[in-house]
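Trainee: Sequence:
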Amino acid sequence: MFDLDTDIAETKEPVVDENSTTRMNSKTPVKLVLEDGTEMTGRSFGARAPVAGEVVFNTGMTGYVETLTDPSYRGQILVATYPLVGNYGVPPSRPSGSIDGPFEASRIQVQGFVVQQYVDDYSHHAATRSLDAWLLEDGVPGIHGIDTRTLTRRLREHGTMKGWLIPADASLEDAKRMASAVDMQSEVFHAVAPPEPVHYEGGELSILAIDVGMKDNIIRSLLSRGASVVRAPWHAQLADLAANADGIVIGNGPGDPKDLTTLVDQIRQLLSDYRRPIFGICLGNQILTLAAGGDTYKLPYGHRGVNQPVQDLLTRRCFITSQNHGYAVRDEALPADWEPWFVNVNDGTNEGVRSRIDPFFSVQFHPEANPGPTDTGFLFDDFLRLVGAATHR
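If you're matching positions, the sequence shown starts at 595 in the numbering used here and goes up one per residue.
Because the hints were derived from the structure by calculation, they are not lab data.
Each hint should be verified, as a subset may be incorrect.
Here are the computed lysine-lysine pairs in the DSS-like style, where the Cα-Cα straight-line distance is at most 25 angstroms [unchecked claim]:
| no. | residue 1 | residue 2 |
| --- | --- | --- |
| 1 | K852 | K892 |
| 2 | K770 | K625 |
| 3 | K756 | K852 |
| 4 | K756 | K625 |
| 5 | K892 | K756 |
| 6 | K852 | K621 |
| 7 | K770 | K756 |
Work out the full structure, taking the sequences as your base and the hints as a guide.
Mentor: Shown next, in the form of structure tokens:
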């Protein structure tokens, strides 16, 4: 996570972007409209653009840099439940083609950003720009001055719903026609995946990482443990790439897993032909389950935050995890040769599955974290240990 713990001597004086200050002082009124008719008016920051998308909330207290660049949020309007956002600014952009942290993608992924109190005068030794300036640069609108506690309660009571972030003086019908939205059944999956495979040189073991919107820290987590990685888009010919891979990781991503029938069919074939370890993360948990013959369903408002407790059903150990998903695996629909692996302590939903026979397993949470706790980072070690054992038989 973007490190908040810094020596006082390293901390720069707060930097104020004069253009940003001018924009903020204008206090341009904008409103968030939900599909149930709820309207909440606030003030604009970032870009000026009407947008539409599913409105979801994240409960993390920090980590907005990592969260806003998580491709799993593509097409969604994100609400931060923590009331103070922007106070530690944003680090400089990374070079083109880089996967350096703390960013999880090359640009902001959300459709819009909703906060209670935006802080423009940031202070952090690594920051070079304000959150307002970053949103403007990437063409993403924000709204602040919203009662996010009331908004979150509404979403918890009624479930996630579509929303529009529009000028306060615009009619809803006009705004709906003008608002930019992402097609969540097809377009979104192509938007978050690389056009062709990307190779990252590391150690002896070669891992095929299937990208449906994979966070960069999954790749960094594999590279830091000495693996080489081939990052392939989900629509590539995976069987050909898998033939040269010592193990496979199916990453996270946005949308409904049942809309990825092409990928599910390819993974189903790999489950029949591939005998080396396969590890699914987040959306990868759902894809692996569907390929095995199981089922998934949409959660009322999902799990999005950095403090979700899960329990390992084998060891009974509990872990605090980072999560970002709106769909879950249906335990009772798992095939006989598969079993639940982790469970969410809060609501009892599935947090992982594993094959009883083959080295195929997955988790619903994010062991790579970023933001959030790294308690379950050992799962990468376990996976690579299995890969090494299978390779050297």
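Trainee: Now tell me, hint by hint, if it's right for this structure.
Mentor: Right, here's what the structure says about each hint:
For a cut-off of 25 angstroms, the pair hint linking K852 to K892 stands: about 11 angstroms separates their Cα positions. With a C-alpha separation of about 13 angstroms, the suggested pairing of K770 with K625 holds against the 25 angstroms cut-off. A C-alpha spacing of about 20 angstroms is found between K756 and K852, which places the hinted pair at or below 25 angstroms, so the restraint holds. For the suggested pair K756 and K625, the alpha carbons sit about 14 angstroms apart, so the restraint of at most 25 angstroms is met.
Note on K892 and K756: the hinted pairing holds, with a Cα-Cα distance of about 15 angstroms set against a maximum of 25 angstroms. Annotation: proposed proximity of K852 to K621 is violated, straight-line Cα distance about 42 angstroms (limit 25 angstroms). Distance hint between K770 and K756 is fulfilled; the C-alpha atoms sit about 11 angstroms from each other, no more than 25 angstroms.
Against the hints set out earlier in the document, a violation occurs for number 6 only.
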